[in-house]
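> Residues per chain are reported as follows:
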Amino acid sequence: MERITPQYKRGKYINRKNRKKRITILCLCVAIVLTAAALALVLFWGDLFPAKEEAAPSEANGAAQSSAAPTDANGVAQTDAATEPPEQISGTQTAIADGRLLLTYDPDALALTNSAGVTTLLDRASGAETPRMDIQMLPGKLGMLRDSEKERIAIALMQAYYYHPQHTADAVLSVVRNDKNEFSATMQVPAIDGAPTAVCSVRLLAAGDELWAAVLLQPEGAENPALANAFLWLATTEENS
Amino acid sequence: MDHSIVRRVLVLLLCAASLLGFSLPAKAETDSYVESILESIALPKVMGTGTFEFEGVTFRSLYLPEYVIERYAASSYAIYPGQTDPMVGEIKRILNSDKSSDLYFLENELVTYTQIRPEVIDYFDDHLATLFETFYLFFGLEDKAPCLDELTRYLIDLLKDVSKSRDNLANHPETIAEYRDMLHDIEAVYKYKLTKSGTQGTIARSGATDNMYYFAQTDPDWEAIPFEYEHNGDTIKDRGCGCACASMVISTYHKVEITPRWMCTFAIQDNWPVSYGLPDEYFPGIVDKYYSSLETERYGTVVHTPKLLYKSDLDMATLADQIGTQGYMAIIHVVRGAFTSQEHYMVLADYQVIDGTGYFLVADPYIMPSRYSSLDQLRSTGTGNDGLIYATADVLLRDCKALLLFEQDRNDFPLFCRAAAPQTFPAFGG
Chain A
9 MERITPQYKR
19 GKYINRKNRK
29 KRITILCLCV
39 AIVLTAAALA
49 LVLFWGDLFP
59 AKEEAAPSEA
69 NGAAQSSAAP
79 TDANGVAQTD
89 AATEPPEQIS
99 GTQTAIADGR
109 LLLTYDPDAL
119 ALTNSAGVTT
129 LLDRASGAET
139 PRMDIQMLPG
149 KLGMLRDSEK
159 ERIAIALMQA
169 YYYHPQHTAD
179 AVLSVVRNDK
189 NEFSATMQVP
199 AIDGAPTAVC
209 SVRLLAAGDE
219 LWAAVLLQPE
229 GAENPALANA
239 FLWLATTEEN
249 S
Chain B
276 MDHSIVRRVL
286 VLLLCAASLL
296 GFSLPAKAET
306 DSYVESILES
316 IALPKVMGTG
326 TFEFEGVTFR
336 SLYLPEYVIE
346 RYAASSYAIY
356 PGQTDPMVGE
366 IKRILNSDKS
376 SDLYFLENEL
386 VTYTQIRPEV
396 IDYFDDHLAT
406 LFETFYLFFG
416 LEDKAPCLDE
426 LTRYLIDLLK
436 DVSKSRDNLA
446 NHPETIAEYR
456 DMLHDIEAVY
466 KYKLTKSGTQ
476 GTIARSGATD
486 NMYYFAQTDP
496 DWEAIPFEYE
506 HNGDTIKDRG
516 CGCACASMVI
526 STYHKVEITP
536 RWMCTFAIQD
546 NWPVSYGLPD
556 EYFPGIVDKY
566 YSSLETERYG
576 TVVHTPKLLY
586 KSDLDMATLA
596 DQIGTQGYMA
606 IIHVVRGAFT
616 SQEHYMVLAD
626 YQVIDGTGYF
636 LVADPYIMPS
646 RYSSLDQLRS
656 TGTGNDGLIY
666 ATADVLLRDC
676 KALLLFEQDR
686 NDFPLFCRAA
696 APQTFPAFGG
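Protein chains in written order, with my numbering: chain A, 9 to 249; chain B, 276 to 705.
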């Protein structure tokens, strides 16, 4: 015969007596758990489920500044010229990045090189290192990135041109386009460390499952329209098919 | 009943906490996802000079990506100058230059012997603070206050990996060759800063900076080392005053710690000892043979042969000007008098006028102030170092037998840049 301990008997007695009270407490606890879970989801929603698709930014959104850079009225302006590619240019159309991207450029004006996974366009006549355009693949997916992360990557791409990246903190970033296929931004970088003021434009392109970055660096006084055209006409092959 | 409810509530709260816990790794994973993208970005580095100016000399910067600075913007720890922490000791061991036991920086004196003695190894001394400031300067972080935090630790790891280490000697000699000039530039700027700020020299066992290279023959680290004459059983403590004085002066001119052990070794090796210790000729002898160009390649420093002057040749006013104004140093050979009952060597390290009276700063290698026969013309320095004492020109001249004059400025430091181009570390695709 099973032995009934005094504790057991006492518990049964109390349970019967306070069943209602226990149910209330349990409900409260469940409510606490659900609240905590909801809080956790709200706090880290973006991390757990990054936005798969984001709407194209409005003009106001386009003015988003990097956290490192204060808002600047001049940097905010989003012009049609900045978003719309110029009229189709004549030139050579080359598939690069294993056929993922189509690069259209003027081979008489620009020299194309490829080194260590980076495709570079330089001014053919001067042979100078700037102005320039670089295209490289990044190990990620555009759809997995939050807006702030895209901006951070754009800033890092700009800083990669500087010997003293920590001195570029005053650069002003303006978002030009932000949708599922592309994130693009321009940055005005003040003169630092002997380098002149420069405009750095970045395009993050989703090409299939890959993320490609194109960067156009134009120091003040050395702007190259042929490079600007090549930058703006760079497209994924999916867009052109 | 009460206990049962409490238990259940606790279980439910733990469940809630665990839900939050699931989210935290997800956030960390997202950060590392973005960081992996940042790390893959090619570094053309075509804008700017990659240089900085220090004391009129152009030096090459060390490249540091911004994502590294962001990664360590908030450190889980920070240790500041004046504090004591085992982590300081760990860093000092990595940076120190003891060739017999070290794994890294075999060719650089970034942390010295006196900084890693047991009494002070965990102490964040002034020299270490200056060294960190120098690191920051080269990495473009000149506004950062010296402290041991995650970023500083990261910088040290970068430097460590390209230093002349045992591993690099065995496996990557090309790395040593590539980064040697850069490490020498850091080292030279660091030593220059110490020299010009007047904080160069040894670290006392109290952790205080001696503000000069001071070595005592009575130091327990080497006082018992045999330094015999005709097998008389003597030690450095008994008759090593000359060795200690040579250590102080040559260390000062070359900006490195050369302990009396070395001076003793060379003295015996070259058969210098005499009945009363060492002859005056020992000093020019070892300078010419071993030490004139010891650190010329690293720092550009030289030690010229000292001039031997006898008591009759001395003009104390001229000597005061040479030592006080022109930065000369001298080793004085004294006989029985205020400082000793026999014969003794001491260093004249400075000259100052205090309360209207001129005093030479005497670095006495034998620490035992009670043996001074009279304090009439002596004065305490108040530095806490009992080996340092002020003495008037009169008392020094009275007891002097000879003097070795080093006719060169102890604060001279020919600063120049060795690296030909800005450096990027292998971690950043250098």
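Hints are computed from structural coordinates only; laboratory data are not their basis. Keep in mind that this is a model prediction, so the values were computed, not measured. The beta-carbon is built from N, C-alpha and C at its ideal position, and this holds for glycine as well. Mixed in with the good hints there might be a few duds.
To be verified - Heads up, incomplete: computed chain B residues facing chain A, CB under 7 Å, no partners named:
no., residue
1, Ala317
2, Leu318
3, Pro319
4, Lys320
5, Met322
6, Gly323
7, Thr324
8, Glu341
9, Gly415
10, Pro697
11, Gln698
> All the hints need checking, so say for each whether the structure fits it.
These are the hints, each one checked on the structure:
Annotation: interface hint on Ala317 (chain B) holds; nearest CB of chain A at approximately 5 Å, less than 7 Å. Because the closest C-beta pair between Leu318 (chain B) and chain A is about 5 Å apart, less than 7 Å, the hint holds. A least Cβ separation of about 5 Å between Pro319 (chain B) and chain A falls short of the 7 Å threshold, and the interface hint therefore holds. Because the closest C-beta pair between Lys320 (chain B) and chain A is about 5 Å apart, less than 7 Å, the hint holds.
Annotation: interface hint on Met322 (chain B) holds; nearest CB of chain A at approximately 4 Å, less than 7 Å. The interface hint given for Gly323 (chain B) holds, since its Cβ lies 3 Å from the closest Cβ of chain A, which is under the 7 Å cut-off. Because the beta carbon of Thr324 (chain B) sits about 4 Å from the nearest beta carbon in chain A, less than 7 Å, this interface hint is met. At its closest, the beta carbon of Glu341 (chain B) sits 4 Å from a beta carbon of chain A; the interface hint therefore holds under the 7 Å criterion.
Look at Gly415 (chain B): its Cβ gets to within about 5 Å of chain A, closer than 7 Å, so that hint holds up. With a least beta-carbon distance of about 6 Å to chain A, the hint placing Pro697 (chain B) at the interface is held under the 7 Å criterion. Taking 7 Å as the C-beta cut-off, the interface hint given for Gln698 (chain B) is violated, the closest approach to chain A being about 10 Å.
When the structure is compared with the earlier hints, a violation turns up for hint 11 alone.
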